[in-house]
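2 protein chains.
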Amino acid sequence: MSQIQTQFIKNVLAGTETQLSEKGSAFAPANIALSKYWGKRNAELNLPATSSLSVSLGDLGTKTEIRVAAEDSVFLNGEAMGSETLFYKRTVDFLKLFPMVGAHFEVRTQNSIPTAAGLASSASGFAALVLALNDLAGWGLGRRMLSLIARLGSGSAARSVYSGFVQWYAGTDDDGSDSYAERIDAEWPELRVGILEVSNVHKPVGSREGMNRTVATSELYNSWPAQADADLEAIRLSIREKDFPMLGKTAEHNALSMHATMLAAWPPLIYLQPESLEIIHTVQRLRGEGLELFLTIDAGPNIKLLFLESVASDVIAAFPDLRIIQPFG
Amino acid sequence: MSQIQTQFIKNVLAGTETQLSEKGSAFAPANIALSKYWGKRNAELNLPATSSLSVSLGDLGTKTEIRVAAEDSVFLNGEAMGSETLFYKRTVDFLKLFPMVGAHFEVRTQNSIPTAAGLASSASGFAALVLALNDLAGWGLGRRMLSLIARLGSGSAARSVYSGFVQWYAGTDDDGSDSYAERIDAEWPELRVGILEVSNVHKPVGSREGMNRTVATSELYNSWPAQADADLEAIRLSIREKDFPMLGKTAEHNALSMHATMLAAWPPLIYLQPESLEIIHTVQRLRGEGLELFLTIDAGPNIKLLFLESVASDVIAAFPDLRIIQPFG
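Protein chains in written order, with the UniProt record's numbering: chain A, 1 to 329; chain B, 1 to 329.
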C-alpha cells in the first residue's frame, strides 16, 4: 500500500474511533453499470476519468465476515485461498490499510456470482469487505464515506455499497475526497436484468490492465469521456421519466462504445467471445422485430439483457437459459 | 446523376476528344486497404475524410467489356442483371455521366471475387468500368485522371486503377480535383494476403449507409481521422523500410479501430460474425506464440491475413482453407 493510500484512509477515518467487535459481517450486491467506468484519472486512488451509473443486482452479490486474527487467512466460498492467489493478495493487501483495526484478519467470503467472469465480483467483494470492516471496527461511518474506502479496493466497488440505482461521481479533487457514490432516489420495479453466461473462465486480461492499455494505446478513447458524460445524463433522465427505450438504447450504446475503445487498443483487447457476438446479433434482430430488448456488457464475455417485466416471456422464449434478476425485488 | 457530378466529369474530360471504338475492355484488381477509408467529407463527389493506402490483390478483380448499344444491358459473370437490381442501377446510373460516349451501353463484367462480400468488388468493378470506358472512348487519359472518375462510382475504386501499393489522397479542394490515387513506387514480393471467407451472403448494410451512420452517430468517430492519418504515415514508412511487423501491426490496429467506430454507432453496425471473431482470437493467440501474422477486415465479415512468404506453411497449418494471394506476382 502506498503512502498516498494510507494518507487517504487517515483522512476518511479522521474523527472516527475504532471500537472493536468480535466479528463484522455484511452483504453487498453486485452491480452493472448502465453508464460505464473505463479509464482512470489517478491510478493509485482509483479516481475515474468519468462518472458512472449502475443498478444493483438484487441478492446476487457477496457476503463477508471478518475477524481480527493471529495470522491472515482468506476463505472464498468455504475454500481456503492460498497466499499466492490474486484473491488472497488483493484482500490482504487492502486490509493492510487498516492497522488501527488489526495486523491480521480472517476473512470469509461467499460469492453468489462467478468470480472474475465479468460480473463485477470484485465490486461487491470490496464493498462487502468494507461494510464488514465498518461493522467490526464500530466506526459507524455513513455509506458515502464507505464508498470512498471501497473505491480504493476496486473502483466500481464504490457503487456496490448501495442497492438500487447508484451514481459514482468522478469528482475533481486531486486528493480523491469528492469521488464517492450516492444512491439515486428512484425505483423501477418493472425493470429486469437478464444474465447470459457465456464463459465462466477467468478473464485473460483484468480490468485494471485493460483500462491502462486502452487509455495508453487507443486513439478512439480520446472521444470516450465526452460520450460517457452525455450518456450518464441521458440515463439519469430516462430513470426520472421512466423512459425505458431511452435507458436501454443509451446503456447498450454506452457499453458497445466502451468495448469499441478496447477493440481500438493495441494489442487489441477483445473480451467478447464468438457466442457473445451471436447474442448481440440476435438482440439486434429481435429489436428489429419490435421487441424492446437491450443489452449491456462489462469487461468480460457475458451479456446482460435489459427489459421490462411486460416482455419477459418473449425474452425467455428467445433465451431459455436466461437468469433473470429483479433489481427492485 | 447530380449537376455537381456532371460538372466534375466535364472538368476531368476537358481537352479530351471522344474517338469511339467498337468495344472497350479492361481488367482492374481488387484492393484491400492497409489504412482504411471510412467516412466522407463530401458525399456527392465521394471525397473521403482521410487519405487511405491499399495493396492490390494480384489477378483477383474485375474484367469488363463495354459497347455502345441501342439499349442498356448489364451482365455479371455471364448472367443478365434485371433492371431492378442494385448492380444494374449503379452501373447504368454511373454511365449516364458520359453522354459524349453514348446514351446506352452493353456492359459485360466478370468478377473473380464474390460480389458484396466485403472483398471490395465495387472497387475493382468501377475501376474496370472506367478503364474500359477510356478504352472505348479513346480518351487516352492517364491513370490519375481515371482514378478521379472511378472515385465517383465508388470511393475505393480510385485505388483499383493501379496494381501494387496505392495511396488515395483525401485532397483539400471542394471541387474534388485533388482527391486522386497514385501508385507507390515499391514492390514487396514476399508479402502475402490470405483470404478467409466467412460468409458469402450480401451485406446487411452497405458501406455507403454504414459510413453515413458511423459519422452521424458514433462519438468515437471524432477521433478516427487523426488515427487514420498517423496510420497511413506508419504504413508508408513500413513499406519504405520493409518493416513487416510495423506494417502488420498498423494495418490490424487501423482495421479494428475502424470496426470500433462502427460498433460505437447507433444502431450498432457490426459486420463481424461469430466466426470472424473466432479467427481474430486465433490470430492473437498465434501471434502470442511468436508467429508474425496480422489481419485486416473491410466492411464485411471476411478476414484477410497479412504475412510474409517465409511463414506461409505455419499460417496454412492454422488455416487450411486459406486462399493465398501474391500481390506482387
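Honestly, the hints are just simulated from the structure, not real lab data. Source: prediction; values computed, not measured. Do not take every clue at face value.
[Said to hold, decoys possible] Derived contacts from chain A toward chain B, CB cut-off under 7 angstroms, selection only:
(1) ASP178
(2) VAL215
(3) GLU219
(4) LEU220
(5) SER223
(6) PRO225
(7) GLN227
(8) TRP266
(9) PRO274
(10) LEU277
(11) THR282
Built from N, CA and C at the ideal position, the CB exists for glycine as well.
Which of the stated hints cannot be reconciled with the structure, identified by number in ascending sequence?
The structure breaks hints 1, 2, 6 and 11; every other hint is satisfied.
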